[in-house]
Every structure is written in structure tokens, then in C-alpha cells.
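Starting from the structure of chain L, add chain U where the hints point.
2 protein chains.
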Amino acid sequence: MATDQVPPIADELPTPLPETAPARVEDDGVHADDSGYRQPEVDVDALRALLDGRYREVRDLVRDNLTQHAQILLDQEQMSTADFRERVRDVVVMMAETGQTGMGFPEEYGGGGDIGASIAAFETLALGDLSVLVKVGVQFGLFGGAILQLGTRHHHDAHLADLVTGRTMGCFAMTESGHGSNVQALGTVATYDAEAQEFVITTPDDASRKDYIGNAAAHAELAVVFAQLEVGGERHGVHAFVVPVREDGRVLDGVRIEDCGPKMGLNGVDNGRIWFDHVRVPRTALLNQFAEVTPEGRYLSPIDNPNKRFFTMLGTLVQGRVCVGGAGINAAKVALTIATRYAVRRRQFEATSPDEEQVLLDYGMHQRRLLPLLARTYALHFAQEVVAGQLHEVFSGPGPIEPGSDEHARRMLESRAAGTKALGTWHATRTIQECREACGGAGYLSENRFAALKADTDVFTTFEGDNHVLLQLVAKGLLTDYAGEFEDMDQLGMARFVAGLAVETVVERTAVHKLVQSVRDLLPGGDTWDQEAGLLDPNYQLAMLRFREEHMIGGVARRLKRGIDQGDNPGAVFSRVQDHVIAAARAHTERLVLEAFVQKTAALPDGDLKVALNLLCDLHALSTIEADRAWFMEHGRLSSARSKAISREINALCRRLRPIAVELVDAFGVPEEMLRSPELLGWPIGSDD
Amino acid sequence: MATDQVPPIADELPTPLPETAPARVEDDGVHADDSGYRQPEVDVDALRALLDGRYREVRDLVRDNLTQHAQILLDQEQMSTADFRERVRDVVVMMAETGQTGMGFPEEYGGGGDIGASIAAFETLALGDLSVLVKVGVQFGLFGGAILQLGTRHHHDAHLADLVTGRTMGCFAMTESGHGSNVQALGTVATYDAEAQEFVITTPDDASRKDYIGNAAAHAELAVVFAQLEVGGERHGVHAFVVPVREDGRVLDGVRIEDCGPKMGLNGVDNGRIWFDHVRVPRTALLNQFAEVTPEGRYLSPIDNPNKRFFTMLGTLVQGRVCVGGAGINAAKVALTIATRYAVRRRQFEATSPDEEQVLLDYGMHQRRLLPLLARTYALHFAQEVVAGQLHEVFSGPGPIEPGSDEHARRMLESRAAGTKALGTWHATRTIQECREACGGAGYLSENRFAALKADTDVFTTFEGDNHVLLQLVAKGLLTDYAGEFEDMDQLGMARFVAGLAVETVVERTAVHKLVQSVRDLLPGGDTWDQEAGLLDPNYQLAMLRFREEHMIGGVARRLKRGIDQGDNPGAVFSRVQDHVIAAARAHTERLVLEAFVQKTAALPDGDLKVALNLLCDLHALSTIEADRAWFMEHGRLSSARSKAISREINALCRRLRPIAVELVDAFGVPEEMLRSPELLGWPIGSDD
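In order, the protein sequence lines correspond to chains L and U. Going by the working numbering, the first sequence opens with residue 1, and the numbers climb by one from there. Going by the working numbering, the second sequence opens with residue 1, and the numbers climb by one from there.
Excised from the complex, chain L in its bound form (with noise of 0.2 Å):
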């Protein structure tokens, strides 16, 4: 376990639960018939085809084209750093010629066509290398992303076809050293020239230089740039442009990049940091799907509010953090598998026996450390799927995002999407760590891949958005509504809108006789629901998360009015209370990552496939709820006895998710190759084998 808290713990001894325990009082009918309950057997196929789900065969093109390329591994290892850049350029190059890489892109420009099934291929690709899959990223979703939502036909026609297979390769350069996170502050500017109809884009100081820029150091020919556009010495905020960097291998004149050098992880990827000095592009460089300059300087935009114009643009690329909390769940998948089917075969002490050295996995600690990750990655799966098929929907328009189209589920799939990636990315980071320690000395051997997993991750947290300002964003957008208003703001503006205006209906609607109707419509009971309903009904289930999450916005929203009534600065009040916004938001994603789960499992028909999944899904539940019972007991929704009783009954599904435990790994797919570790499950080890 990473952390110091210590672990919840029940300290009443249960009534024994064998491992087909009778069923209890307050099982729900599913687990349980009247002869008793039945340990579910799983037909790992039909599982893994509930898993894939419409994109089956997406996701086998990409398995298949990891086995034929497992040996990337390796090179991984062996290869310096130089050539493993040119091997993974390589790779990805060949992956693109099977339409793997290229599924997002229109038809007509040798893509698939199928958003859905583009986020699918590359979910499944985070199965192998990551090099490989963020070089994936960079071209084809950042780059190529780029000129597709942000650009028009000119730039389509341009580039589209040449960067779906590869022979042009590109980088995205918005990031500065300076700025981070705030994109809006970015300082390189575009500065209209008309007499030239040319763009002159300038690195002002060394705090504006492009920074920590995938496919920069090497490989890019082409760069989509975000700056400052100045027309007629007026400024109209963050625009891209498209500006060659390199022809054959040569850096061009006015363009300056340097290697970031060595990182953590990830070293297949050449990421690089650019200046510019007074580098000219045509009129036509503006990607100008949101904006245009008339070659005589006039400056026109259907967006007339900068802010919102910048978030707009922002907004279509959104896939980018789809793609990148998909990623996170599906590298947790491979932690997960090589763990648990270690935890099956290792033998350590003579626990229960003098003649026998126990299993890892029949240890309650073991199953504790790793079962409850197991259900959340179930979990963050199907949330995944949910916020993978919103997006399909949205974008699958018959043409780029028209500004104004549907704004409102727009911000939602954008919070939602912010919201999953933070915690599929965090989720990511802490399941490859506890598999990691759970596999020992051995884990710690490059061979056996955790090496790789989680130094090629740990960067998930912070990239595509820092998980805490990604939450912040989610907060925002629940605490307005996700009004118009809201984009149209800079930071600072926001805080007073949302602590200001905003708040009052926020507070009315969180008023607490309004939460307690909204649990009554998904619980009937009396005020005592919390007290009452079975642990294992899901609709007790998501009222739980349901009320921490109205609980928590209304908190937020009354306590930013306060601060604003007693005439304090709002920005100031807003970063007062901003663990409470990250811990609404958190909340928030936290239902909808449930609900995604519930929905999925009820949905399915009766059997053992249902049965096993509502365990994982019942493990989840109650573990999040473990996780934050002192909030509960705080306000009085959750009582001392049902709180020990939460953490009794977490474990006997453990228990009762021990013996399939290896089949629910084993459905997620992963490539026998892309497991490597030896150590860890090549060959027989413990003493009695």
C-alpha cells in the first residue's frame, strides 16, 4: 500500500463466510437463489467480448499488431536512446499501414472514418509500449487532431493524407515553459504582416519557448503552433498556425530546438523544446476553422468573445484526454494480470499448514491489496466506454464541430472526460505501483515490465491537463451548470462568476430537503434509506455517492457566497476553498463512474457472467465508499455499525472473488506477450513446485 493511512479494518469477527457461503439477509436476490449462493463460473470469452464491446475487432487488429511487434519490449531495454527513437518511429509507421493509427480520420483522406473506433485502437494499444503509444498520440491525435478540428479543406487536403500514413510526421507545440497549465498566458506570438499576407511567429523570452513537445526533437516536419495572433497591433488571443521546423532531417532557418533530454520513462518519444525567431508563414498557415485574417488585416471570427473562442477551439481537443484515461485504465489492466496471476502461483510461508508454503492470492491482505483495484479497473472501464461513445456521438457530425453546436453537451462530455482522465490516470499510477510491491523483489527486474509501466506513466497524471486543474474544470462546470456564460471567461473572471451569480442557484438547489427528494427518487424508503437498504442494493449504492456529491457542491457553492457577501476577493475565496472544488469534482466523477457500471451489469442478462460482474461492481461500490466513510459518519450517512459492517462485507467479496479472480484478468486480453515477466509467471516458483 503507498499510502500511510492505515488500512480500514472490521474488528468484529464475521460470521465465518466459507467459500460458497449461504446467502445473506441482504443480498439482492442476484448472488443469491434459495438453495444458496453459487460461486459464478466465467467463460472468459464471453467476457472479454463484453469488454471489447462494438469495437472487437479494432481492438484484435491492434493485439495482433503488438504480438508481431513484441519485441519493442526489449528494445525498450537494450536499445540507446537514439535508435529506439527511429525503432519506434518505425513501428508506428508500420502500425499506420494496417489503418490502425488512422480510424479517426475522414475516408476520403485514406482514414477509417469512426471516431469511436480511433479512441478504441488506442485504448487497447496502451496494452504494449508506451513510446509507441504516445508517439501514436502525438501524431495522430495532436497533430493530426489538430489540423482536423482546428483547420479546413486547404489544410486537409494538405496534410490529412500525408500524416495518416506517416510520411509526415508533426508535433503539436502548444506548451510553454512558462505557462503550464494556463494555455490562455501562452507567450509566442503570430504577428500579422499584410503587405507580406505572412504570419511572423516570435519566441519573446525564454519563459515562451515551446516546452516538453512530442515528435519536436527529432522526427517533425510540420508543427502546429499555438501564439498570441496580433493583427494591426491588436491582439485576438491563442490561435494555430501550421509552421514547417525541419525538411529532411534539417532544422529550418529562424526555427531553434533543443532535445529536453533523458526522462523518467517514455524515451522513444523525441520531445523537444522549439523557439522562434521571426519565422514566416502564409496567410493560409492560420488553422482558421474558428477564425480568419482577409489578406488586407481585417480579423473575423463567428465567436465574438475571445475567451470563449479560445475554449471552443480547445474543446475539439478534447479526444486528447479521452484517449489518454483510456490508456491509463488499460496499462492498469497489464499491472493487474501479471500481478494476480503471480499471486495464484507464489508460495510464501507455512501459513495454514506445516507441510505447505500458502499462495499469495488466499492471504486476506493479498486479496485486499489487489481485488479492490481490480473492480475499480472493471469499473473505469465501462465509465470509459460511456465517456468513449459521448464523444463518438458528438463529433460524428457530418463535418468539424460548428461553433454554437450543442454547446451544453459539449462541456458536459468535456468535464466528463476531464473528470475520467484524472482518475483513470491516477488510478493507473497507484494499481501499477500496489502490483508492483505485490509482486516483490521480482517486480522490480525490467524483464518482468513494471519498470517500464510505471515510469512511461507517471507522466499520464499531469499531461493532456494536471489532473487537479482538470478536476478544477469539472468543478466549474457543476457549479454553473454548465452555463455559456462560463467559457467565456478567463480564470479570474470565472471565480467571481461562479462565486458571485452563479452560487445562488446552486445553493437552492443543493438546500438539503432537495437532496434528500433526489435520494428518495432513486431509494423509496423513509429519511432512514441510509440506514435501512441492503449494502449490496446499488441503488443504495449510488444514493450514497449521489448525496456526498450534491453534499459537497452545495458546501462549495455556500462557502464561495460567504466569502463573497463578507466582500473578500473571489479568487481569493475560490483558492480558500479549492480542496473542497477538487473533492466535489472528484465526487462527482466518482457517480458517474459507478452508475456507468451499475447500468452495464443490469443490463446484462441473467447468468454467471451477471453474477460475477455484480460482485465486482458490489466491491467497487462499497469500496468507495470505505474510502471516504469518515466523510459519510461526518454527515450522518453512515453509522459506526454500518460502516464496520461496509468493511466486513468488502471482504467477504473478496473472498468470494478469489477463485475467479484469474479469469476476470485473463478477460481483459492482454497479449501473452506484452506480460513478458518471466520471473513472475514463466517458470515454477515457490518451494513445492
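Since the hints were made in silico from the structure, they are not lab data. Positions of the beta carbon are idealized from the N, C-alpha and C atoms, including for glycine. Mixed in with the good hints, there may be bad ones.
A short list of chain L residues far from chain U (calculated; beta carbon distances all over 12 Å) [stated by the list, open to error]: (1) Val44; (2) Asp60; (3) Asp193; (4) Glu195; (5) Gly297; (6) Leu300; (7) Phe311; (8) Arg430; (9) Leu453; (10) Leu471.
Distance ranges between label pairs, derived from CB positions [said to hold, decoys possible]: (11) L:Arg235 x U:Gly607: 40 to 46 Å; (12) U:Tyr299 x L:Gln71: 49 to 55 Å; (13) L:Glu672 x U:Gln68: 45 to 51 Å; (14) U:Asp248 x L:Gln71: 45 to 51 Å.
Chain L is nowhere near these chain U residues, computed Cβ spacing over 12 Å in every case [stated by the list, open to error]: (15) Arg87; (16) Gly389; (17) Ala409; (18) Asp530.
Just chain U now, with coordinates in the frame of chain L:
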């Protein structure tokens, strides 16, 4: 935050606490005086002197050595594994020349004759490259320590002088592939051949190969090999032998050594696997401090019981655990120094002013992320000082530890070392991760130090004993009152003993009325002590942790007793309560840590230093209670209102610590060269610089 738990929040607006807040009623008088609270100023040198303690000179010697060899931080990144291993070896030998690494050996062999000094030196070494640290640990701690503690004059004369200088390199061949933490079950055999007066060392199968052995793959000429001793067909348990494995760089006949290959980190250490095929060593190769085989083949030992003999031998090696714990704590200091300095330079978002972005550490959330970890680092530092001091006392007798000499004290020391090692290394993993994330993308670059810190320290949680296994050791000590019988038993026998007879005493001792009594001794007052005491009263804080500890131990004891009384398999009962066992051990160690911090602080003369340390001590104590506030509520020792008040108090303490945060990390005395991080600390960053 690397966990998925929603952070605790205080959902009522606190009375605004300005930077210089007036004294609050619950203040204990230390922080406040009649004229109101005054922000302390921190004299960095004085605080550093306090932290360095009696071994300031030793620590400064190590700091100088680190600075002199600072280039190794770059070498780690740039050299091939083979070259880097040689480089690390060279640095270790150069450091040895300064006396730094030999402080724990007798002066007659060139050592310093001061065990406390050797621990201080080792801890401080953790501020630099950790391959150097671990190589030092292997050579002087494990290998040298085994020769010193398990050997006698003959072995000392033969080896100590050469190993102290690093002229002879050695390894410590204990761990086997198939047995991990269960050393008693290892499979390597040493059979006595009375005719030849030799031992024959053999690896019977692959599960019994020695594995992960530091110094084995390239440098060791000698190995201390742990093997099952067999004399005249009779087994006598695990014993240690000095076995030559390499001469002039060539592996000797009968010995097979394989390189473990690349690892997540610590690649400057040459870990290997060793097989022995009937390797013959003279009778005198047995390290015979605790057992002897006569020439004619009689086995003699002053300790009759083989389990007791085994644990006595192992107990002499406790220094390794103390050192690893201290190393973890010091590695965390490096991460905190970088992240804190970065947090006062880096600006992000115009949070409170339209003209200026806000410094990271002025965000409430950022304070919450870093400052409790800073406080805990101080707490663990002082707890480590206590355990290192105790070790120095116990081991600074006239000669090597004699069997039977104050066994109770030694067992308590072993337990305390195990607990501190577990908490210290988990703290390192967590702190380094949090600090990395708090430095955003820049934290991901290798030159910014976190990559190596993370990768190198990751294994600390599983080496020198997996943390979970160590905490079980702690719990067993608590459950048996460190009774002598405890060490005479194997794993299963111990479970039987604990679960049976010993538990009665604990059950009796922890009866509720006695718990209340023990609290009363600490905290005069009625039965509602937990409601009435001030949150900042250290007696209250300690009483809470003591109550939890005793209650948990009692709970484990009662559950064990009930299981046994029902006739269940003692091992199975023990396994069933394993999470509870580990929680009790953590709770125990947490209490020891806080006690150390409180005592240290209380002993200081009045003044700003004391005020500052009191702020840290309060923050650590309340954060510890907050982290487990669910348990306290479940057990009736924390009301909802008071729980929320604790969260608010933590926020207030963070605000008070904010202005002195940099001084508090600077007092750790991490040499500037060890920080590297040019990106984070080296040049103006943020848009306003």
C-alpha cells in the same frame, strides 16, 4: 494525490485566519502569547544543527563527499550500465578512503568504532545517487556486517581490514528465487564432509538459486552464503558461510553467476543470481558466532532451539533495516526540497489578481499536498534518530552480541526498526510521487532528479524485508509482549502460540476500562477527554494514537482467541485477521513516531525554533489522526464536529507554515549539487519573472 480517496474537507467556512492570526482558545500556550500569535522566524543553521544532532560532523563529511562526486548524478543518466557499475564501485572505494563507510567497524581493522556514526553516514548518503548508497549498504552493511556479527576473531582478522577499504568486495547471498521473505525455508544446502573437514555447498534446484544478490554480477570476490547446515545426515537450520566466488574477475569453478539484467532503478549495482555445484569450503568458513561444527563433525551451539538460533542470527543484522528506513526518509527530503523551492517560484493562473499569476505554494491545495508530508518527514526523522540511538546502545557493547544478552531490549529494537523501516520507505515512495506531480511535466525530465529518485527508491518498500511482512513481525511482538517463546517458533507454531496462550494476556490488558485508565494517565480529565482537550495539546494527540493502538491490538487478540476457541486452524485464523494485524502494527509505529517528535520538541528551549517545530508537530499529529478519522469515529473517539475541526486546524497550520516552508526544507541540508533540477530551480520561470 496518488490515491483515489476523496481528500477530507472542512465544509464550513472557518473563522478567517490571517497570516498573523490571533491566538485561538485551543492553543496550548506554546504557539501564542498574550499579545497574540507571532509568526516564527527560522534560523536555518540552528535547525539544521538540531536535525543533524550529535553526528553533524559525520553528516558534513558525507555531504562533502557527495558534492565532490556530484558528477555521478549525470553519469547515472549517460553511462552504459557496465560503465556505470564500475564508476559506482570507484566512488564507493574513494568514499571508503575518507573513513565514511567504515565507521561501524572496530578501530583495529581500520574502522571508526562508532555504530551510530555509521548509521548517520549511511542516511546522509541517501541525499545523493542511490546506487552508491545501496552498493555501500551491500558491501559494508550486509556483507561486512555479517562477517562482523556472525563471524569470530578468525573471520575478522581474515577479512575486515580488506573489506573496510573496499579492496575485497563481497556479497550477501541470502535471498533465493523461490523463497523471498521466508528465509527459514531456503533450499541451498551446506553438507559437512568430516573426512575432508570441509562444507559442500549446493543449490539443489532453480527455486533455491540465490537471487537479486547485490555485488554478485560483477564485483564480489567473496559471498556470505546462507544455507541449510547438514552434519552427519542431520539438519540444523540456516547458517552462514564465507564462500569465495570470484578471483581476478573470473568466476570460480562450481559457481555459476548470472546477471539479473536491467532493473527499474539502481542500475549501478550489479545484482546477480548464484548457483553452487558442490563447492567446497574449509570448516572454518562457517561464521561461528552462534554455532560450531567440530572437526570430527559434532554440531555445537549455545542456543538449543533452532528457531531461536535462526532469529538470533538474523537479529544481529537489524542494522540494515534501520539504515534503509533512514535512507528512505532522507530521499524524501531531496524531493521535498525541490518541490518546495519550485512551489515558491513557479506561478500559475491569475487566481487573485488580473495582473499576476499566483505562486503555487499560495494555493491551499498545494499547501495541503506538500506541507503535511514535510511535517511527517520531520516526525520520521526524529523517530529514526531514536531507533538509531537505541541500536547504537544495544550494539555498542564490548564485543559482538552475545546470545541471551538483554533479549527483550533487542526484540523491541528489532520491532521498532521493522516498523520505522516500513513507514519510512512507504513515506519515501509517496512523497517522491507527490513531489514529482507537484512539479508538473518538468518533474518528468531526468535532469530534474525525480526520475532517479523514484526508480531507485521504489524497491526500498520490499527489500530488507517486505513492509507487510515486517509489520506482521511488529504485531507479533506486540501480541506476545516480546516474549522469549516467540522467537523459538516457526511461522505456524508462532500463529498457534499467539492465537492461543499469549492472547489471553493481551485480551486482559486491553479491556476497555484499562484502555480508559491508560489514557487518564496521559490526559487528566473525565471520560470525555477526547471531547474536552485542545486539538493542539500533544497529550490529546498522543492519547488518541495510543487509544487506537491498544484498541486494535486488543481487537486482534480477541478475534484470534475466538477463532481458536471455535477450533479453527490457528494459521487460518491468523490469516483471516491479517489486515487487522498489519493495521495494529502501523498504529503502534505511528504512536512511536509521534512520541519521538513530541519529546524532541518539548525538550527544546523556548523560542522561534520551538514554535516552528510545534507547528510541524501539530500538523503531523493532526494529519495522522485525520487520515484515520473514520476509525476514530467508528470507535466513538471523534465526533463529526471535532473531526471537521481537525481538518480546519490542519488548513490553518498549513497557512502558518507556508511562510517558513523554504527554511524548513533548507534545514535538511541537502547539498545544492544534489538538487540538480535546473528546469525547476535554476532559472526564472513563470510569466512574471
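Hint check:
no. : hint                            : result
1   : Val44                           : holds (27 Å)
2   : Asp60                           : holds (31 Å)
3   : Asp193                          : holds (26 Å)
4   : Glu195                          : holds (31 Å)
5   : Gly297                          : holds (28 Å)
6   : Leu300                          : holds (27 Å)
7   : Phe311                          : holds (15 Å)
8   : Arg430                          : violated (6 Å)
9   : Leu453                          : violated (10 Å)
10  : Leu471                          : violated (10 Å)
11  : L:Arg235 x U:Gly607: 40 to 46 Å : violated (53 Å)
12  : U:Tyr299 x L:Gln71: 49 to 55 Å  : holds (54 Å)
13  : L:Glu672 x U:Gln68: 45 to 51 Å  : holds (49 Å)
14  : U:Asp248 x L:Gln71: 45 to 51 Å  : violated (37 Å)
15  : Arg87                           : holds (17 Å)
16  : Gly389                          : holds (23 Å)
17  : Ala409                          : holds (27 Å)
18  : Asp530                          : holds (14 Å)
Consistency note: the structure conflicts with the earlier hints numbered 8, 9, 10, 11, 14.
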